[in-house]
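Novice: For reference, the chains in residue letters:
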Amino acid sequence: MTAKKKCMALFLLIVLLHSFVLLKIDFAQQAEQEKTETTQEEVSEKIVPGPQGIKESTGIYVFITWVWLAILVLVYFLRLKIKEVDRLLEIRFLSEKKK
Amino acid sequence: MKLRHSLFTRRQFLNGLLGGWLGAFAASLLFPILKFIFPPTREPDEVILPFADFQDMEPNTVKNFAWGSKPGIVKRNDDGSYTAFVAVCTHLDCNVTYLPDQRKFFCACHEGWYDENGIHIAGPPPRPLRRLNLSIEGENLIIKREGGE
Amino acid sequence: MKEKNVKKDIRSWLDERSGLSAVFRFLREKKIPQHKHSLWYYTGSAILLFFGIQVITGFMLVFYYSPTLEEANSSVARIMTEVPLGWIIRSVHSWSASFMIAFVFIHLLSIWITKAYRKPRELTWMSGVFLLILSLLFGFTGYLLPWDDLSLSATKVGTDIPRSIPVLGVWVTKFLRGGEDVTGDTLTRFFGFHVCILPLFLLALLVVHVYLIQKQGMSLPLDLERKEEKVKELPFWPNFVYREMIVWLVLIGILFTVSIFFPPSLDKAADLMAPAPEGIKPEWYFLFLFQMLKIFPAKILFMNGDTLAVLLILLGGIAFFFLPLIDNKPAERKGKIITVIAYLFIIYVVGMSVWSLL
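Residue numbers (this note's numbering), protein chains in the order written: chain A, 6 to 104; chain B, 64 to 212; chain C, 4 to 361.
No wet-lab data here; the hints were simulated from the structure. Keep in mind that a hint or two might mislead.
When the alpha-carbon atoms are kept at most 25 angstroms apart in a straight line, the in silico DSS-like pairs for lysine-lysine are as follows [unchecked claim]:
#1 A/Lys88 with C/Lys271
#2 A/Lys9 with C/Lys235
#3 A/Lys9 with C/Lys159
#4 A/Lys51 with C/Lys159
#5 C/Lys233 with C/Lys33
#6 A/Lys88 with C/Lys332
#7 A/Lys88 with C/Lys159
#8 C/Lys233 with C/Lys34
#9 C/Lys235 with A/Lys88
#10 C/Lys271 with A/Lys102
From a predicted model like this one, the values you see are computed outputs, not experimental measurements.
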């Protein structure tokens, strides 16, 4: 599979997963909307999670940025590694063919 | 100084980079996991108790209070002053008791003895009982960590 | 150079005693075919990735969760508010569950459409169906554990459904609930299922499933197999594994992003005596079944509508389990019809799920 096709497939996968995620969130939001319409007094009893305060918020954003940066770097190195092992495979394949 | 030959091959270099980054990535994921598994200590900064509960204490008697999840002891001394200890044996964390007739704190687990000031005098305890800062402010007895931590 | 020798020494020491090098040799010789449908080969390991994440986050949550009626909800509240980063761990656990089940469905559909279940892989398919059922049970039992209004109602409805099955149904309901009604005992029972019983069964089936795959090798889509021309193959180690790592990393990134920005909330503790809240819905992977039960009228001829629906679902499930035996002539017309049924099934499930939300 060519590199371009692989990129496209990965991109499609990410888009698919995100749309699935968005759908799920939409369902959840709909459910929450229905709930808040009918049970106003109980809204305060619901625990909505999330970072508390600016320090934790910034920490979270830094963390997720670092995660994605690390992933991009790792994907780059992995692609180099894949090129290397694929090249080795072809050399071995060719040498076996010669035999 | 230029080297004639490389210290490592291109393959080793790439492997090192990949392994190193994978390790860094894994470590950064490990950090929140460790934070979750080891929650911070739950000792309070201070405990405020009503002084009325303690002002009628006889000298050489003790009263218990809760220091977070550990037991605490307030002792009224002969001169009328008060001292507060964390009633946990410094050997292996058993709870200690005060024996007024002997004027000593005693740990039943391994027979550790402390004198009336909490200094370890016999048995396995390696350190004196931990003291807490005690002050009386108006109607309240305020107990804080010693050393202003 | 000295370092390399130390590594070699340790490896040969271990190998002399365990024979592990045979495993590594096998992984190097295992071949993954490369063709236009190769992308689907990644779905199986994606499921494994998410399951592994479930195990790890599950271990962590179980450190703080209390499976009793009085403390379940408050212990989850504590995880979300007091325990450092607890809300993230819970969020990852919740999202990874959905991702895992989503990939189970994708994996299942890819096997169905490429007919990878044909001989000799029938057993792999059947063990896979059991794995699907176990995954759904994991989701169902886990959903109750926060013990809030929504999860209690969903469990009441869900455990009531088997009752429609004649004769045996009542006993299934009693078994799931630990009695006639959903009580604190149900919660404890579901906890036992979720952290002990189901994991053991899943691990056992997983070993069977993975062993069969290694023994039989990767399957080829039907048309490629019939062409009988040589298909390019990649060794599993290291070529395919590095590609898999890329997929895993991207999936982890997506999971973390979603978990951090869309964490699940927690409602107040369930009240066993209160009326059912409005807008009860099961988790998304049960929506199509839920909708099917909703649309069946209360009585059809002489039969209870629910009973008919449940029996139809059961029949469908059984046919699904025996699909490799039913589809014994995959290349012929019967096989093509079964492929069309797969596509119709996708449309049906998506349609019913969306309908249930309107």
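Novice: If a hint holds in the structure, say so; if it doesn't, say that too.
Specialist: These are the hints, each one checked on the structure:
1. The straight-line distance between the Cα atoms of A/Lys88 and C/Lys271 is roughly 54 angstroms, outside the 25 angstroms bound, and the hint therefore fails.
2. A distance of roughly 18 angstroms separates the Cα atoms of A/Lys9 and C/Lys235; the hinted pair therefore holds under the 25 angstroms criterion.
3. Between A/Lys9 and C/Lys159, the direct Cα distance comes to roughly 50 angstroms. Violation of the 25 angstroms bound is thereby established for this hinted pair.
4. A distance of roughly 21 angstroms separates the Cα atoms of A/Lys51 and C/Lys159; the hinted pair therefore holds under the 25 angstroms criterion.
5. At most 25 angstroms may separate the alpha-carbon atoms for a hinted pair to count; C/Lys233 and C/Lys33 meet this at roughly 16 angstroms.
6. Among the hinted pairs, A/Lys88 with C/Lys332 is inconsistent with the structure: their alpha-carbon atoms are about 40 angstroms apart, more than 25 angstroms.
7. Restraint check: the Cα-Cα separation between A/Lys88 and C/Lys159 comes to about 54 angstroms, which exceeds 25 angstroms; the hinted pair is violated.
8. About 13 angstroms separates the Cα atoms of C/Lys233 and C/Lys34, which keeps this hinted pair within 25 angstroms; it holds.
9. In summary, the hint linking C/Lys235 to A/Lys88 is supported, as the alpha carbons are separated by about 16 angstroms, within the 25 angstroms threshold.
10. For the given pair, C/Lys271 sits about 69 angstroms from A/Lys102 by alpha-carbon distance, which is inconsistent with the 25 angstroms threshold.
The structure fails hints 1, 3, 6, 7, 10 (numbered hints given earlier, in ascending order).
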